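Protein chains in written order, with this note's numbering: chain E, 1 to 351; chain C, 1 to 351; chain Z, 1 to 351; chain Y, 1 to 351.
Rather than coming from a laboratory, the hints here were simulated on the basis of the structure. Quick caveat, the model's predicted, so the values are computed rather than measured. Heads up, a few of these hints could be off.
Which copy is meant is left open, so a pair is good if it fits within one copy or across any two.
With a straight-line Cα cutoff of 35 Å, these simulated DSBU-like cross-link-like pairs (lysine-lysine) come out [as the list claims (entries may be wrong)]:
| id | residue 1 | residue 2 |
| --- | --- | --- |
| 1 | K302 | K225 |
| 2 | K158 | K119 |
| 3 | K302 | K119 |
| 4 | K158 | K339 |
There are 4 protein chains.
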Amino acid sequence: MNFVSDNTAGASAPVMAAIAAANDGNSPAYGTDAWTGRVERLFCDLFEHEVAVFLVTSGTAANSLALACLTRPWGAVLTHQESHVADDECGAPEFFSDGAKLVGLPGIGNKIQPELVAKTLARMREGALHQVQPQALAITQATECGLVYTPAEVRALKDAAEPRGLKLHMDGARFANALVALGCSPAEITWKAGVDVLSFGGTKNGAWAAEAVVFFDPAVAAEMKWRRKRGGHTLSKGRLIGAQFEGLLAGGHWLALARHANAMAALLADAVVKGGAARLAWPCQANAAFLILDTAAQARLKAAGIGFIAWSDTALAEADALKPGEVIGRFVMSFSTRKEDVERLISVLNG
Amino acid sequence: MNFVSDNTAGASAPVMAAIAAANDGNSPAYGTDAWTGRVERLFCDLFEHEVAVFLVTSGTAANSLALACLTRPWGAVLTHQESHVADDECGAPEFFSDGAKLVGLPGIGNKIQPELVAKTLARMREGALHQVQPQALAITQATECGLVYTPAEVRALKDAAEPRGLKLHMDGARFANALVALGCSPAEITWKAGVDVLSFGGTKNGAWAAEAVVFFDPAVAAEMKWRRKRGGHTLSKGRLIGAQFEGLLAGGHWLALARHANAMAALLADAVVKGGAARLAWPCQANAAFLILDTAAQARLKAAGIGFIAWSDTALAEADALKPGEVIGRFVMSFSTRKEDVERLISVLNG
Amino acid sequence: MNFVSDNTAGASAPVMAAIAAANDGNSPAYGTDAWTGRVERLFCDLFEHEVAVFLVTSGTAANSLALACLTRPWGAVLTHQESHVADDECGAPEFFSDGAKLVGLPGIGNKIQPELVAKTLARMREGALHQVQPQALAITQATECGLVYTPAEVRALKDAAEPRGLKLHMDGARFANALVALGCSPAEITWKAGVDVLSFGGTKNGAWAAEAVVFFDPAVAAEMKWRRKRGGHTLSKGRLIGAQFEGLLAGGHWLALARHANAMAALLADAVVKGGAARLAWPCQANAAFLILDTAAQARLKAAGIGFIAWSDTALAEADALKPGEVIGRFVMSFSTRKEDVERLISVLNG
Amino acid sequence: MNFVSDNTAGASAPVMAAIAAANDGNSPAYGTDAWTGRVERLFCDLFEHEVAVFLVTSGTAANSLALACLTRPWGAVLTHQESHVADDECGAPEFFSDGAKLVGLPGIGNKIQPELVAKTLARMREGALHQVQPQALAITQATECGLVYTPAEVRALKDAAEPRGLKLHMDGARFANALVALGCSPAEITWKAGVDVLSFGGTKNGAWAAEAVVFFDPAVAAEMKWRRKRGGHTLSKGRLIGAQFEGLLAGGHWLALARHANAMAALLADAVVKGGAARLAWPCQANAAFLILDTAAQARLKAAGIGFIAWSDTALAEADALKPGEVIGRFVMSFSTRKEDVERLISVLNG
């Protein structure tokens, strides 16, 4: 039993069924198939907006290709210093952008604040030959620490960045989890709040390998087809990704999967707060609970063979939030997490 | 009914079954799963050699990552001027290698000749500051024109390239088709003949999206894990690819699929030669027949709604091999090509 | 005594004097100095056109930065297969352009023909995902073989390339030599004939290290300041280059220097044609004579200790233009070549 | 009268004389000339060590090429967050290294501390697929704030970095100023203290455009010749740089120039401390004084037409070291700064 990540599961049954259903006959290659075409329309409907959509198989590809479309090689992307794009993709954004710079900002729970964006931009002289030029702001929704930006918060970030012409990218590897937590529409938390490009995550949500880069202004996507091809991310049998998204999006299946994952995380978080066996590093807002575990709790988990990731966090470290021996345990729930496993985890934690 | 490519089909039934069978429970992410591990061993067995194997989802990724491991940015890759890596990947090898140069050589049927390799190398001064340095030779097996290199031919190419230290890459998008055509072992046509790295194609063979980069000297693969990750090609749910390869490789299924495809191409080619309704641009050695079609034959195919690709070929063009109005039609067979469709095609061709 | 290259001399006296004259007091850095400013105006006057000018210290930098401004990484530059940018800069254009492809065309004396440009473009499918997209045509004036394009020839090349939107780059490492050979104005052989960007060479002409990238449409130069800085080519003490150009351009000094060099080459070529001791590989049009030397002539040169470069040329090789033992000797004249040295060379050649 | 930078002067008289003396006759191109050869030996003598030396014309080129030789594209360079390489070269290190990441560390006066290096390395998991891998540590000597690292401090930094295999790069744009401040030998502050590669600055010291990349282990320089050429930094008339270095290094001229510049800065700093018209942001250790100026002092300088740069510094800003209205003024002295100008500045400051 482990809670290491939401990428350790396979695919949901409807996703598998959609793949199976797509496995007949011939279809044109390289994303010109009917499945991909239908998914492109689905995204327009979903976001109540004309969008340009590019399907790929990994979140790293989605994020890096998106950021490459928003920057020039001498550009800079402002992002949280421990965001996935900055710290977990082995420099893929630098690779795809031919060397743009990621400027890391601090912030609690991997959220960045508009004031810090403004202050950072003020230090970067516009047009000054010697410095890279800020061109994009990248946020993660939900963040790597399981926190969620509200539409107002997203808007405030865009307002801080827009005067200098920055585009706003949202890494939505867990977009569905954020969305059901917020209870708003996809449009409200994206283009209506100022998002220019979204990496819409399907893989952690319940697909095998399905991510969509969604451009709310198709003009921004002008170079994307070349970049995706050149990056080896234009699958010949593109319906494999199209079918996964059809399976996810049909009948709100993706939201149901996210609701389940979030509920499992809430179940754990509530029990922890109540039980006092650990405390939350941050509020549990999406599908992950980050628990500060003392040595006794760690020992109990180890004895029970329950897997999780020991999380390192600069903001908490600098705030001296941990007592000696304590660690932050990340427990992530997926669409396939079983309630009885969470209950067993709670019972182990509570001793 | 169309014969446009062998990438327009879906996946074979055993591949689908393998994916379905892999869809239970949790497994570690990023290629550390059991399926991937088993496939790595399968490749060692298959090639009777210790190999380092990296699974990806596209042939462009496989080829480009492989070539990037064989070159430095000021390096050159000798290849056929119309090979897939040179002419059909939108510059992906240049992207992944940070700007290495592909040096295109002419040759009939996209095969390159050892003499021309030697002559080209002689013109590239070793260590000369002003010129890129030759570091790899890349061949396609079977070629984009459906021709096959014998082990002796591969060895002769390596012998021409090795004195200057070039590594030999084989783009095996249709490796299975070549192998069954040759009737030799995987070892004989690869490392025993001098191949250093193979892009082993699963997608066209019968998978959805499964390619393996096989390094016969694991030391050459030292940088591959970083390159693959940084390229966004390290899938989190890596068992998706692992399972496809398990499905393909079990019980020689991959060879059976290739044999069928080759047989369908031979059926067509033989009928054409016999019937005289068209002539072969090159001998049909693998799973594609390239037919020189006069205007009448073109009209019959169009009327029958039979799809194919009009091929352009520099060598034939320069040899004035086509009469006015003639085109080269590429007819590619896949694992799923039906015999009755090929027979119908033959009957249309024969008028 | 050697005729190896026109880059083995130092600087002309007026250039040295201009540097010395610039060596007083303080001036703003990074190209904002008065010398650079004046040179920018001089170029506008010289070309009778508003131009954007960027000074650098090497021809490789000038060419590569220029081509990078004309292409995207998935773009292609058509050029002669043995042009300096294709074959003599160790892949610098690929480096600066983040991986664009140089497509090499054959042609006698390193000149390319409009028909071949058109034919090559026809093979490169517009907008096709799988192929790099042609975006620039690069010619050398005078060519590496000492030939000169007339304004009509340049226009014909542009006419062949423009329908596909290609920009025309002229590598003018020996622009002055071409210009005095043609007897036309700088405007006539550049923007009036369709040139979009010129690498204006000062170094071989008589400076130490001074090249100017001249954009005839300043909009095309929009990214140049970032690219130059990022490439380490924005000198802090920029007046060093500005002063060299002031020294060259004042009073037509640059043209006088080129006239001398060309005259020295003509002296040699005429004597060779007359004397019959060797024959010309190509007509001598600028400041270099390419002599086909038999073994006796080679021996006499060696005995006399006269240095030259043994040239390799694909077009001549394929035409079997050389008899056994013959080599092509390149003899390049510079502003500082002495007439008595050329006369001595002639006398040695004539035996 | 301005104190904006030490790059606003021209070249010292001996440097100019050396260039003039080099301007006779022909010499081989691309750094194979006699001047460059002699300079290479001079550097070996100077550092009492076999070194590989590569001459270029800009500090950005020197630093970026050096760092590119120390990293792979998925590598990271630890450096001060406001160092020249991180913040003042428009991303050149990222460009030359094909996308390596610069990890910025805080620190007073742009000096970085071994403890922070160790702590940062501890957070970067060795071999972990998802993170860039630390491969170099880059320090500036003297720092951009005019502070100097002692040999013991350099050694401590290397000791913190070496267990993870990092190479140590020293940006010595003002190496001479640091050296005379320290009073040690070039060897003591470089390879004896753990420096692997040094950017030895000649330009600010008194040359026009002359920087040397000095590798203390020639094996580390293996790729440098390709990188320099490909970057357009291999001058054809290489003796231009060689001669400048000969002029600088002969008879300890370079040290005399640096001593003068440092003395001018000390003169100013001492007067300020004594006079109380401003206070020092940091101790004045090399050739620059950073003065915290109140509004009255700013007004007096403005009225007197004395130029300087208003410096922004994160560490001081975060320490709230400035009162409202105060700015940090950077006053940099060069080899050519006149004592009477400094005295006039002091008198203006003291009101």
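Verification of the supplied hints:
no., hint, verdict
1, K302 - K225, "between (47 Å within a copy, 30 Å between copies)"
2, K158 - K119, "both (14 Å within a copy, 33 Å between copies)"
3, K302 - K119, "between (44 Å within a copy, 27 Å between copies)"
4, K158 - K339, "neither (38 Å within a copy, 52 Å between copies)"
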